[in-house]
Amino acid sequence: MKKRQHVAPTSESNSKRKKKEDKGTKKKKEGRRVEKETNVEIIKSVNLLEDDHDGEGSDIDSPRSNVVGSLQQNYDDNDSGLIEGSETEEDNEFSHSDEEDIRTNGGATSEDSVDLSSFDLHLQHNLSKEEIDSQKNLKFSWDVPVIGVSNCKWRGTGENILKDFNINSCPGLKEKLYEHWMDVSKTSGGKDINSPKQKMFFSLCSSYRDILYCNKRPFYLKGLEDTSIMDAYIMHSLNHVFRTRDRVKKNDSKLARIEEGADTERFRDQGFTRPKVLILLPFANIAYRVVKRLIQLTPSAYKVNVEHMDRFSAKFGDEEDKGDKENGEELENAYPQKPDDYKVLSPYHNEDDFMIGIKFTRKTIKLFSDFHTSDFIIASPLCLVNKIEETEINKEKDVDFLSSIEVLIIDHADVMTMQNWSHVRPVIEHLNRLPSTPPRTDVMRIRPWYLDEQARFYRQTIILGFYSNPEIITSFNHQCSNYEGKVKLMCEYKGVLQKVLPKIQQVYVRFNIESIVDADDDRFNYFVKEVFPRIKDSDQGGIMIFASSYFEFIRIRNFLKSQNASFCLVGEYTTNQDISRARGWFFKAERKIMLYTERCHFYRRFPVVCSEIVFFSSLPFFPIVNFFCI
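Per UniProt numbering, residue 1 is the first one in the sequence shown, and the count goes up by one each step.
These aren't lab readings, by the way, just hints derived from the structure by calculation.
All of these numbers come straight from a predicted model, not from anything done at the bench.
Glycine included, each C-beta is placed from N, C-alpha and C at the ideal position.
Among the hints, a few may not be true.
To be verified - Just the calculated beta-carbon pair ranges, DEER-fashion:
{"hint": "1", "residue 1": "L221", "residue 2": "M444", "range": "44 to 54 Å"}
{"hint": "2", "residue 1": "E429", "residue 2": "L127", "range": "18 to 28 Å"}
{"hint": "3", "residue 1": "P196", "residue 2": "H308", "range": "32 to 42 Å"}
{"hint": "4", "residue 1": "E453", "residue 2": "L221", "range": "39 to 49 Å"}
What the hints assert, rightly or not - DMTMM-like cross-link-like pairs, simulated, lysine to aspartate or glutamate; straight-line CA separation at most 25 Å:
{"hint": "5", "residue 1": "K303", "residue 2": "D252"}
{"hint": "6", "residue 1": "K315", "residue 2": "E390"}
{"hint": "7", "residue 1": "K197", "residue 2": "D164"}
{"hint": "8", "residue 1": "K536", "residue 2": "D522"}
{"hint": "9", "residue 1": "K129", "residue 2": "E159"}
{"hint": "10", "residue 1": "K136", "residue 2": "D452"}
{"hint": "11", "residue 1": "K561", "residue 2": "E590"}
{"hint": "12", "residue 1": "K303", "residue 2": "D183"}
{"hint": "13", "residue 1": "K366", "residue 2": "D353"}
{"hint": "14", "residue 1": "K592", "residue 2": "E572"}
{"hint": "15", "residue 1": "K136", "residue 2": "E429"}
{"hint": "16", "residue 1": "K199", "residue 2": "E179"}
{"hint": "17", "residue 1": "K395", "residue 2": "D370"}
{"hint": "18", "residue 1": "K366", "residue 2": "E351"}
{"hint": "19", "residue 1": "K139", "residue 2": "E159"}
{"hint": "20", "residue 1": "K397", "residue 2": "D353"}
Generate the whole structure from the sequences, applying the supplied hints.
This is the structure in structure tokens:
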């Protein structure tokens, strides 16, 4: 075996070697520059969804300085940890998706920087302790008029994101979703579809701020705005789910080629479980409408097949779909004076205990998918509360599918207050908790803020309804802690007295209170000392006392019993037999007083007859109730 001979280098050999090294270095630098340009250059996109994963994508939005630097470093570091020269056509697919998104937002590509979407900026942000502490002192500091609505304005915390609003863009939305949305809008024919107002709402959604929008006239009251707002939050949810899938798929590809021992911290892209969007709705027939629209707004390439559609229509469809049209007609004939919205909102022929998981695979939408592996969960608060209570009884059951929700949408919140808002509060409280069982995903891929129990600060909550009340506002103020901030709609309402056609005398009584905390007690004491003595001493019958809450109902009932008053009861928990008996007594003047609840009236809509005086113990929460009673 020959030994290698070591020869002292000469000046000539040193010179040649130096030239060779310089040439190699120059070539290597040129190769890195070309590779960097390939990473940054945005080329044409192919398929957005290739397999069954959760992943994220990229888009354009206003970059935050404290996030962009660390994220752009991923592009400038030549993908350190990856095998050299490992870029493939699959990586180009995602680069191409970025160009589509940039083009949608009116941005321009650059060789020196990569613009990031609000999705990336929101989820990649490292939350500091100071930012968490500042959530307690948020103040609404700016307002912007709502396009097309003179009496309303958006009011928000932090940066004014609507100051430079562009009505011709849908920021952050993938181009395939945007194009399909526009195509569907053209065929819908609604005047409020694709309007500046709708785009402004979508811009708020894509900013990932918490939103309170309680001036949305519902579809059952012929509100066109309801459909346009529903479309906006559905597109935002689809965009979020598809971007999540894209990011995981891209990182899967990179991890498959990574060198052993390389840093994988930047590939953290998942939660404990797959579900990312939770939509709370009051009734199954409304869920039927939302899911059908979600399927319609999904581009055709991703819904070649929709599994279990027949089962879904049978379980969630309206009365015509279920074959119960005759029962509905009989009900309408029995009570011809009931308003148009009664059929939609009546719990007596609508299901309020439902839940469905929806999963997107490469070309299929799977309805009734397992909750832990779904992308969307659409449910009623009642159903989720029941499942939460089951976990307290049976430790083998869990609601871990709520642990990684990143977008919460509560639509028709006003109707939920008539059901029971105490079902909504515990659902929100159980979101983004640590799972009770070991996560089914790779722990090394879980985002750090999930492990640090900070997920609730990243969750976006969107609350929508026809009106607001103290319960909704309290949940928005205290249960929504998004670090991005909050935006709410503020409106000045005109009076409704001119809508009252009969000449009915209306008297509003003001009483003094020492503290808002004691308002209910002071109101009850005023009734006991000032109102009831006049009722008791009067010979007049036909007096209806209208209680806005069940708590008020019980309190007044107990007081009337203690005074041996002549009264009858009609509440939401009163049986049909007792209701018929009580209404008969009141109609025949066998009882002087009828104690009636707002929730019962909302769901039953009994004609208010034989009432000479209607006394509201407090202002009704639902505006339609007041108008209908008068």
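Determine which of the earlier numbered hints do not hold for this structure and return their numbers in increasing order. none
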